[in-house]
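Q: So you can see what is in the structure, the chains are spelled out below.
2 protein chains.
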Amino acid sequence: MTYDRTTVREILEKAKAEGRTALTAPEGKRICDAYGIATPGEGLAASADEAAALAAEIGFPVVLKIVSPDILHKTEAGGVLVGVASAEEARAGYERIVAAARAHDPDAAIDGVQVQRMVGGGREVIVGAVTDPTFGKVVAFGLGGVLVEVVRDVTFRLAPLSGDEARGMLDDIKAAEVLRGVRGADPVDREALADMIRRVGDLVGDFPEIAEVDLNPVFADADGATAADVRILLAQGPVQEPERIPRERILASMNRIFKPRSIAVIGASAESGKIGNSVMRNLINGGYRGHIYPINPKATEILGLPAYRSVRDVPGEIDVAIFAIPAAAVPAALEEVGAKGVAGAVMIPSGFAETGNVEGQQKIVEIARRHGVRMLGPNIYGYYYTPENLCATFCTPYDVKGGVALTSQSGGIGMAILGFSRTTKMGVSAIVGVGNKADVDEDDLLTFFGQDDNTRLIAMHMEDLKDGRGFVEAAREVVKRKPVIVLKAGRTAMGARAAGSHTGALAGDDRVYDDILRQAGVVRAPGLNEMLEYARALPLLPTPKGENVVIITGAGGSGVLLSDACVDNGLTLMDIPPDLDEAFRAHIPPFGAAGNPIDITGGEPPSTYEKTIRLGMSDPRIHALILGYWHTIVTPPMVFAELAARVVAECRAQGHDKPVVASLAGDTEVEAACEYLFDHGIVAYPYTTEKPVAVLGAKYRWARASGALNG
Amino acid sequence: MTYDRTTVREILEKAKAEGRTALTAPEGKRICDAYGIATPGEGLAASADEAAALAAEIGFPVVLKIVSPDILHKTEAGGVLVGVASAEEARAGYERIVAAARAHDPDAAIDGVQVQRMVGGGREVIVGAVTDPTFGKVVAFGLGGVLVEVVRDVTFRLAPLSGDEARGMLDDIKAAEVLRGVRGADPVDREALADMIRRVGDLVGDFPEIAEVDLNPVFADADGATAADVRILLAQGPVQEPERIPRERILASMNRIFKPRSIAVIGASAESGKIGNSVMRNLINGGYRGHIYPINPKATEILGLPAYRSVRDVPGEIDVAIFAIPAAAVPAALEEVGAKGVAGAVMIPSGFAETGNVEGQQKIVEIARRHGVRMLGPNIYGYYYTPENLCATFCTPYDVKGGVALTSQSGGIGMAILGFSRTTKMGVSAIVGVGNKADVDEDDLLTFFGQDDNTRLIAMHMEDLKDGRGFVEAAREVVKRKPVIVLKAGRTAMGARAAGSHTGALAGDDRVYDDILRQAGVVRAPGLNEMLEYARALPLLPTPKGENVVIITGAGGSGVLLSDACVDNGLTLMDIPPDLDEAFRAHIPPFGAAGNPIDITGGEPPSTYEKTIRLGMSDPRIHALILGYWHTIVTPPMVFAELAARVVAECRAQGHDKPVVASLAGDTEVEAACEYLFDHGIVAYPYTTEKPVAVLGAKYRWARASGALNG
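Residue numbers (the UniProt record's numbering), protein chains in the order written: chain G, 1 to 711; chain S, 1 to 711.
No wet-lab data here; the hints were simulated from the structure.
Ranges between beta-carbon positions, derived for each pair:
1) G:709 x S:603: 43 to 49 Å
2) G:570 x S:109: 43 to 49 Å
3) G:606 x S:261: 39 to 45 Å
Below are the SDA-like pairs computed for lysine to any residue, each with C-alpha atoms no more than 20 Å apart in a straight line:
4) S:274 x G:634
5) G:274 x S:603
6) G:425 x S:669
7) S:174 x G:152
8) G:340 x G:369
9) S:174 x G:511
10) G:425 x S:668
11) S:174 x G:510
12) G:401 x S:668
13) G:174 x S:174
14) S:174 x G:150
15) G:174 x S:152
16) G:14 x G:72
17) S:274 x G:606
18) S:545 x S:656
19) S:259 x S:288
20) G:425 x S:672
21) S:274 x G:603
22) G:174 x S:150
23) G:174 x S:510
24) S:259 x S:340
25) G:425 x G:397
26) S:174 x G:145
27) S:425 x G:669
28) G:274 x S:634
29) G:16 x G:30
Quick reminder that beta carbons are idealized off the backbone N, C-alpha and C, glycines included.
All chains, full assembly: derive it from the sequences and hints.
A: See the structure below:
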């Protein structure tokens, strides 16, 4: 696409020179012209007679709109008149809206009245762009018109964007079917709309000082799309880009931090109850095999290891320095750590930005940057990396090895991760506190865990992102290989942001995060417990090869609830083909229901469960199984668990691999049965029909985003 | 309101006589006129010239619409022309749409073209009515226009309805603010809209044969509301009303069933493994103190009790007969039970409607009705009523007494209720299986439990309601005194219903259930686990006296997640007044955050938790507390649990009573701490910030519905 950037630059400079942050409608139209965004025929009238002449030239009906740099919300000021059908009406209308505008704001400078061909018909949509504090330039598309802020049917993408991404936005709103034509209406020109979205994305990409663009309404029909109203707002200050560290450098540091050959503990202590003592004990008792150098000017030996006055006195190289000293002592010690060439500073101390000491935090960031030291924290519990038996934390050790890496911005959430992991025996590769995130953040950790063969899934609790684009970039790469689960807290904190435009108002809550994380392929967990359950369960589930989900249940009641949960979680209940239906029917009582759910009915013996599960596992047209179990005397819980585990294992050994989840309804013995199933590769929960399906849904969300599933 | 019922009757009879189920537009308008529903000026033109003359008379612009009993979707048939601005255009338009209609359906009978004053401006809303299979006549109100089925912003109420209910509907849609006027637009005439909703409700109430009414769009502005398009559909067959049993008779039976002085077990057996044996054992071992009469023609004694050949041989009166015999033997035995004057038949046997044996089920219903026996089931596990030590079931006994009554339509869900109750030690008054619901249903049980002093909360799993209005009536009474939790399964099963109108399409999913259960004051649980958790936790929470919720947290991270959960659950975080803020600040570190959440920060000793919780409990402006705990060495989990329980108990003893819930983040010791807290009247969960808040939200939903809270 070719754009007339010179004209846009000229208009923006003029507005800036005049100290304006809002462009006038004619300026907006000229920018649209320069970027190939269609607007209705129009002109500016400086008198009633000019309005009449212009209207006659453009063609009736026309719309009249006040043009004033001081009036942003024209309708509220009585500055808009629609359906003006004759020259006479145009003349009268001019007088009327100028009078209304003066009544609204006697001091408003009035440039005249815009006379615009009245467009309408087709669908009213909104195309816009905002500058998000986390993600920068973001385009919006949704249902438009006066109801836009009520209906809030809108979707966001990072700008600039590809044609596929723009077309994807058309499908991503709830009203997508409207654009395809409903009740006899023609479908809209999708290419024209996608094209307009891209042009808006390019515009804000090319001119970062454009803070917000609002094309609302845009009238879209079978023949094209026309922006009937244009509002463009400029940023007030200069626009800053976050710094980026190249991937190679991130990995070089992270590899030394997670796989250190040597660790110094600054503030190591022999005194029980001190953080510097807990850290030492955890390193030693956790089984870390590299060198441990306790640093303490007042000791010669701590827990049997020679102590040093300073890292400078340590003979060998140091990969990681763990800080267990008060905030005030950190800067000096960090200078020494930097001089020593340490790769990572694990900054446990609190007393920085979280207590208002922003300056102190900036100071240690500056020291770390100067020396090329990557810093974790401050204000953290430390980190675990089980492949290296590394418990670099003051909490209790954790040693169940596995493929799940978890990070948390909050210490409390970190403790919940630890407790949940221990009670469910979750296999973990890493648990990392990021705390104040003064330096190392989720992007860095994602970059490391993404390429870490010990990690099969990454789960992150976060309250914000320092660099949303950096995160999206890292996530897009990682999700091709492994799931990234995100618990984004503070969903509602941004609600109060003042909005200068419709698009701005729409972007005011959590939607931008939600849309863009989804685009990045991240699986967002709705709450803490879900993040933990997804992390525990997803690695147990093979990646599904298609969308056909089948429910096999001994309890009809569970079947109904499991079906509800499938709909809630975006899963597709397979339309069972006749031959498969026949095959299932052969195993179940005549009054049982084949179809889907397959209701094998309540009083059945183990063999019925066994035959139907085996059939479900071995037919390649079925891509995932949901089992509903009902506790009976005929098939007790552990009998079910053992047979289900055995059949699934046998089928998997024969190459029939697919995810299996189970909901167990019964007396308390189902709890042990669920544990057994979990240990044998079947994700199972008692007393809930929702959780197993939510976990399967999360696996599917990832599988779709990763490209492992077509569609 | 006075209505011209004669005219409506006349129109309906004519349509019925002609075998039509759809009224024409002029018929619809006449019905609107008869019921005082405003429509635009209009007339029927039988020729192009008539159309031109009529249009000139009504005033331009006009809309032309084809009138044909065979064309329902006029737009799709090319049968609508809007904005017709002159007599000439009206003439041409007539020809055009008649031609289009003929092209669409050459066989369609065409009555002419409706010429209608073109209305517009204001807001497009929909007012309608449908006949719901569960609830009967139901009115709908929502955003209207062509997008109505996409936006789906609509709410339903039982018809007929009061003025308050109709006005409530205006506030119940997502776009409610639009009606109050946004961006300078005038608010709509609420009274006119509410009035129109009521008139539609009265219309379908007066004429049950009207199946669906669609006024869409209705244009509402500051001056009134006008229905621009009217569609009325008639029912095809006769309309049936469900039978109702008077409350006194329900209670008379239910009291004998739940508090029986004597029980007969039909099919009692001495042979272990038989259902008739399990039932006998459970009755005896459960500690039931009334007479137990085993009925078995082949035995003289079973488990030490004299056995009888038939209930006829039992000397005394029998309140309940539990059936543990095959389906085929039921009718004869039930005749005897009826002749004996038994109040309740507990029909455990399966083999009825659930296996396709609908006739067999109808037969036993007929027998039971004839004798005035109320029947539970068939196809159930039985029932428990702990105040009478009654385990009338073949499952294992349950004896933890308490105030929760649970019912389930499915046996599997019943078993999950039992397992969950046992593992959480939930205090239960009753667990009841309703199975096929051939006779006793949720209405009956609600009526009994509502007035049962042993029951403080009722939780019901259901897949359908036999008589939605009966249930709503019972629920409205009960929720004034105790919470009613409903897990309605099969939310998505109705999605496929074919729709003859917009309103019908909107009512096609779960919305009618959802709106009307909410109206009835029922707290709907989103899933099985939530139903169980609400049942367990709500009786522990005192009823809040106002909407001011305060979060006190040791973990800032939990505070953010708890705030998110408050928004998700419709809770209001209190705006802390300055003096209270000051009072909290006195107890927390200077860098802690007062406000709400009150972040006492991580490393605080027990005294900080204690002082802030005591302040939160004792200030009467605070109505509910959410505690966030972070596991530290300074305040370990059990220390926190004990202090929180003690402080809350002390404050409650002083008359400062309010609900308290807690989220505990920490290592596995928090699990025992949560159990301790639960035992001491604080609803607490580990590893989740959502669950405690969801429970509090459920308590608030009930408190608002019960009238205990203003607003």
